[in-house]
Amino acid sequence: MIEVNHLSKRYGDQIAVDAVSFRCEPGTITGFLGPNGAGKSTTLRMICGLTPPTSGEALVCGVPYRSLPVPGRRVGVLLDASAQHAGRTGREVLALSAQVLGVAGARVEELLDLVGLAGPAARKRVRGFSLGMRQRLGIAHALLGEPEVLILDEPANGLDPEGIRWMRHLLREHAARGGTVLLSSHLLHEIERTADRLVVIAGGRVVGRGGRDEILAGGGDLEEEFLRLTGRRHVIEEVEQ
Amino acid sequence: MSGTASIGADRPARRPATGPSPMRLTLVELRKAADTRAGFRLIVAVAVLTLAVVAARLAFGEARTLGSLAGDAQLPASVLLPVLGVLSVTSEWSQRTALSTFILVPARGRVVAAKILAACLLATGATAVGLATGVAGFAVGGILDRTTGGWDLSGAVVAQLLLVDCVTMLCGTAFGLLLLNSAPAIVTFYALPIAWTLAAGLLPGLDTAAQWLDIGRARVPLAEPGVTGQEWARFVTSCLLWVALPAALGLLRIHRTEIS
Chain Y
1 MIEVNHLSKR YGDQIAVDAV SFRCEPGTIT GFLGPNGAGK STTLRMICGL TPPTSGEALV
61 CGVPYRSLPV PGRRVGVLLD ASAQHAGRTG REVLALSAQV LGVAGARVEE LLDLVGLAGP
121 AARKRVRGFS LGMRQRLGIA HALLGEPEVL ILDEPANGLD PEGIRWMRHL LREHAARGGT
181 VLLSSHLLHE IERTADRLVV IAGGRVVGRG GRDEILAGGG DLEEEFLRLT GRRHVIEEVE
241 Q
Chain R
1 MSGTASIGAD RPARRPATGP SPMRLTLVEL RKAADTRAGF RLIVAVAVLT LAVVAARLAF
61 GEARTLGSLA GDAQLPASVL LPVLGVLSVT SEWSQRTALS TFILVPARGR VVAAKILAAC
121 LLATGATAVG LATGVAGFAV GGILDRTTGG WDLSGAVVAQ LLLVDCVTML CGTAFGLLLL
181 NSAPAIVTFY ALPIAWTLAA GLLPGLDTAA QWLDIGRARV PLAEPGVTGQ EWARFVTSCL
241 LWVALPAALG LLRIHRTEIS
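In order, the protein sequence lines correspond to chains Y and R.
Its first residue numbered 1, the first sequence is counted upward by one per residue in the UniProt record's numbering.
Its first residue numbered 1, the second sequence is counted upward by one per residue in the UniProt record's numbering.
Looking at chain Y on its own, in the form it has when it is part of the complex:
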């Protein structure tokens, strides 16, 4: 369960996130959408206690993220797959975090296998990983502590079609078991197939929120609806004229 209440972030004169509110219920996958610079990543960082909000609050499992005794056991987070030490091997990255979480070493092997990085790939240093491999390592990292909540920023970036399909399956299964998923992506087609709830932000404000079917009730596809909600459709129309 994630609860975001009137969350705002101001940098000097600029408002990056403006009174954003939404809820992610257990058993659902929420797609978090918005153009570049809309405030998605800032919102996700505030939820995870990495950026202090100017006002408002974000609760994960009923408390602020930083109040969770071992957050990695409740919340799996992937904010940036490239933010790993280039000189460590894939296995070492997971083993270090497993040690912090008090998770058995067998779990590391299980996850390397799950994300398709077992064998020689696990001994490779992250420097030599493709973006797709980094994403898989990041997903494995998020799953280490067997969390009930997943917060993933652009996890499908760099994954091949098979990987994207695998991830969709993984997230759906997680939600089916009562887990909560918050997922940001620019791959609208993918979000349309994966998420059952949507939160759309633009210019730091929520411009659309609800069930996927509700939002798409007009009969258009998600791309149309996204461009309409974020006020970008007129730009496209001007170009087409």
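The hints are simulated quantities; they were obtained by calculation from the structure and are not laboratory data.
Just so you know, even glycine gets a beta-carbon here, dropped at the ideal spot from N, CA and C.
This list has only true hints and no planted wrong ones.
Stretches of chain R that chain Y covers, calculated by requiring three or more beta carbons in the stretch to come under 8 angstroms of a beta carbon on chain Y:
{"id": "1", "segment": "16-26"}
{"id": "2", "segment": "30-37"}
{"id": "3", "segment": "99-111"}
Fit chain R to the known structure of chain Y by using the hints.
Using the frame of chain Y, we list chain R on its own:
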């Protein structure tokens, strides 16, 4: 990739109620110091150079006492090890691992405390290796008739060597905390003693101040037994300025900074 995921949505019973212990976090930080090629090579280099320094001291110049060999054996560690102290903090920013570090342990002060403890343990290890190498060198040198004096090493000197090694290492860590950037932190760490020497040479009045504020000078008496009260006062003053102050400011900065 296999299709099934072992996820925790259906297993809430396995959650621990308390966060990782300081001991666990310190072990993690020690592991981080050695699990990259750069860190591992630096540690190996310190060990090899320690051996080389003792061998060179025995091979050239006058006969050596146990105390001088044990002291000289600390040289490579005191010069190179602080780089590990700097990198243990700054690599979290340059490699952006701060993101996953603070996602797993949101209490940033606990991570910093673990880094400081790990730095002290590394310095202690280096002191022990230096002493062992010095003792072994003294034994070998005795056979080759390159030593003088007996097997006496004052416990106070050993404790002082350990203290100086820890403080030197922590000075590196403190600069890392303050600057959060590898190159400026390392350059500042090495340039500072040179700057003091230059400044004290140019401004005669500064010489008195340097006795209290230049950590490189204030620690010299600690290599011998019989450190006076004033010498301790100078050492502690310089430590407050170059270790405690930057560490405190750095901790404040880390608490306030946004991790991204």
